[in-house]
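Here the protein sequences come in this chain order: V and Y. Terminal number for the first sequence in our numbering: 303, no gaps in between. Terminal number for the second sequence in our numbering: 303, no gaps in between.
You can't tell identical chains apart in this list, so a pair holds if it fits in one copy or across any two.
Straight line, CA to CA, 27 Å or less: simulated BS3-like cross-link-like pairs of lysine-lysine:
no.: 1; residue 1: Lys38; residue 2: Lys19
no.: 2; residue 1: Lys220; residue 2: Lys275
no.: 3; residue 1: Lys287; residue 2: Lys258
no.: 4; residue 1: Lys287; residue 2: Lys118
no.: 5; residue 1: Lys19; residue 2: Lys41
no.: 6; residue 1: Lys231; residue 2: Lys298
no.: 7; residue 1: Lys287; residue 2: Lys267
no.: 8; residue 1: Lys298; residue 2: Lys275
no.: 9; residue 1: Lys298; residue 2: Lys115
no.: 10; residue 1: Lys267; residue 2: Lys196
no.: 11; residue 1: Lys98; residue 2: Lys118
no.: 12; residue 1: Lys258; residue 2: Lys98
no.: 13; residue 1: Lys267; residue 2: Lys257
no.: 14; residue 1: Lys260; residue 2: Lys118
no.: 15; residue 1: Lys260; residue 2: Lys231
no.: 16; residue 1: Lys267; residue 2: Lys298
no.: 17; residue 1: Lys287; residue 2: Lys260
no.: 18; residue 1: Lys298; residue 2: Lys287
no.: 19; residue 1: Lys121; residue 2: Lys196
no.: 20; residue 1: Lys267; residue 2: Lys231
no.: 21; residue 1: Lys121; residue 2: Lys260
These are computed hints drawn from the structure, not numbers from a lab.
2 protein chains.
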Amino acid sequence: MNSVVKGWFSEISDELWPGQCFSLKVTKVLHEEKSEFQDIKIVETETYGRVLLLDNVIQCTERDEFAYQELISMIPICAHPNPEKVLIVGGGDGGVAREVVKHPKVCKVHQVEIDGRVVDLSKEFLPFMACGFDSPKMNLTIGDGFEFMKNHKEEFDVIITDSSDPIGPAVSLFQEPYFQLMKNALRPGGIICSQGSSFWIDAQHVKETMDACGQHFKNVSYAMAMVPSYPCGSIGFVIGCLDKKSKLSEPVHKFTTEEVDKLGFRYYTSDVHKAAFVLPRFAEKALGLC
Amino acid sequence: MNSVVKGWFSEISDELWPGQCFSLKVTKVLHEEKSEFQDIKIVETETYGRVLLLDNVIQCTERDEFAYQELISMIPICAHPNPEKVLIVGGGDGGVAREVVKHPKVCKVHQVEIDGRVVDLSKEFLPFMACGFDSPKMNLTIGDGFEFMKNHKEEFDVIITDSSDPIGPAVSLFQEPYFQLMKNALRPGGIICSQGSSFWIDAQHVKETMDACGQHFKNVSYAMAMVPSYPCGSIGFVIGCLDKKSKLSEPVHKFTTEEVDKLGFRYYTSDVHKAAFVLPRFAEKALGLC
Numbered sequence: 014m015n016s017v018v019k020g021w022f023s024e025i026s027d028e029l030w031p032g033q034c035f036s037l038k039v040t041k042v043l044h045e046e047k048s049e050f051q052d053i054k055i056v057e058t059e060t061y062g063r064v065l066l067l068d069n070v071i072q073c074t075e076r077d078e079f080a081y082q083e084l085i086s087m088i089p090i091c092a093h094p095n096p097e098k099v100l101i102v103g104g105g106d107g108g109v110a111r112e113v114v115k116h117p118k119v120c121k122v123h124q125v126e127i128d129g130r131v132v133d134l135s136k137e138f139l140p141f142m143a144c145g146f147d148s149p150k151m152n153l154t155i156g157d158g159f160e161f162m163k164n165h166k167e168e169f170d171v172i173i174t175d176s177s178d179p180i181g182p183a184v185s186l187f188q189e190p191y192f193q194l195m196k197n198a199l200r201p202g203g204i205i206c207s208q209g210s211s212f213w214i215d216a217q218h219v220k221e222t223m224d225a226c227g228q229h230f231k232n233v234s235y236a237m238a239m240v241p242s243y244p245c246g247s248i249g250f251v252i253g254c255l256d257k258k259s260k261l262s263e264p265v266h267k268f269t270t271e272e273v274d275k276l277g278f279r280y281y282t283s284d285v286h287k288a289a290f291v292l293p294r295f296a297e298k299a300l301g302l303c
Numbered sequence: 014m015n016s017v018v019k020g021w022f023s024e025i026s027d028e029l030w031p032g033q034c035f036s037l038k039v040t041k042v043l044h045e046e047k048s049e050f051q052d053i054k055i056v057e058t059e060t061y062g063r064v065l066l067l068d069n070v071i072q073c074t075e076r077d078e079f080a081y082q083e084l085i086s087m088i089p090i091c092a093h094p095n096p097e098k099v100l101i102v103g104g105g106d107g108g109v110a111r112e113v114v115k116h117p118k119v120c121k122v123h124q125v126e127i128d129g130r131v132v133d134l135s136k137e138f139l140p141f142m143a144c145g146f147d148s149p150k151m152n153l154t155i156g157d158g159f160e161f162m163k164n165h166k167e168e169f170d171v172i173i174t175d176s177s178d179p180i181g182p183a184v185s186l187f188q189e190p191y192f193q194l195m196k197n198a199l200r201p202g203g204i205i206c207s208q209g210s211s212f213w214i215d216a217q218h219v220k221e222t223m224d225a226c227g228q229h230f231k232n233v234s235y236a237m238a239m240v241p242s243y244p245c246g247s248i249g250f251v252i253g254c255l256d257k258k259s260k261l262s263e264p265v266h267k268f269t270t271e272e273v274d275k276l277g278f279r280y281y282t283s284d285v286h287k288a289a290f291v292l293p294r295f296a297e298k299a300l301g302l303c
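In isolation and in its complexed conformation, chain V is listed as follows (with noise of 0.2 Å):
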């Protein structure tokens, strides 16, 4: 089921998400290529628009992809009081950036993607998301991103990480010297926040890379979204700051519904924001926030 049959896409990963499979009705397929990284596909799907796959999991559908790149763009920079420049590795959809840029007090922007044939074909087939490039605030750069932060210290304010999965060629990226790299590239006060799966997949896993950040961050928390088209329809955000006392679930700059509007958020607020780091209660527990 590990591809288009039938009509539809199955996404199956018994490492990952065993015993459970969520599929698309897919209407074409636009586009299918092994990159020097990935099997990379575009889809056009019945209802949920065009839709990424990279080795054959969901990495953003065009009906439900602003609730993810909305919250781990906003989160850590409403969260700071002063987010000037920004670092994004990953995101070679755009879509981060495209959100990243809304923000009036960021005035830099670079990003670091491994994959340029991501961001070509994001380009090509995914305008709504690639339109974040377009931003003159926008520095991209296509290689590593760990060989981009050595060269770069006490330099960003804000640094996302949108990365795929933690398995194959990202796993580096929920582990303790990507961390420690990042802080290395941060300013004083600054504030991290990556991909971190979901709790309700493997709280285990999420545990460990919080652990991961804590060797390095001693401020760290978690935060979730809802994103229906992502295993068992949500995921988190691991989010670590150099200042202990910074709480990172109260945003510093608070939008107003006008402001919210008019930046054409279709899922972040400020109330979001602080929802956003209320856990069920085994969550808690499953990652020692209690």
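Let chain V serve as the given structure and place chain Y on it in line with the hints.
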């Protein structure tokens, strides 16, 4: 795909959630029958435990049913200053009853389930939910909730409607005459809470249910719970209160962490109660909540 094929149960509904499908790997079909009202299946799955299927739609899985049962029960009960007498309509598996009887202020619970076979089979195969029926607070009637309420006026503090999806036999539980019946069956200050579908699937349908509720309740609200095995990974509740001034998102009775753990809640906390009412911006707009 609408039954167990090659070891997978796939939940397809062209009417309710076209173009998408959630599947569970089934290790054993424990029981299957056609009752007077519906097709009932109970299966053992590889990673979601035992699962109850009615007309081939997932009603609850052992792995995540607590999320739904705790929130549909505790939100209306904890928003009520004195929830002594509670009516449950539907909920034949017993999961809602299991949660409702936990609350120390609840003295008497009436439940009306139309399909006695669901109750019998739950007692046989799903004891982790059916245990709700064992409480001395419980009074179970096998019959029609509509008829029951016609003969019970101004009697209940809270009415919980744990129905299946708005298609087939349950459709009337989402419509105006049902909300009128509930209004008449409530004591002053009473609160109702109904399974209200997810705005991710069909926001227009949720809005119509809220409008139907709003014809008889001046104070109408909507709250969410993450439930991975439901379509789109979440479900919502339409909540109505006869008292205009009550703030339903604010629990009157706040449980301490110790009480939460002692009562065995795995999802519900007083913070979760409040956060459940915080909706993404597009949903606030679609449901007319702003």
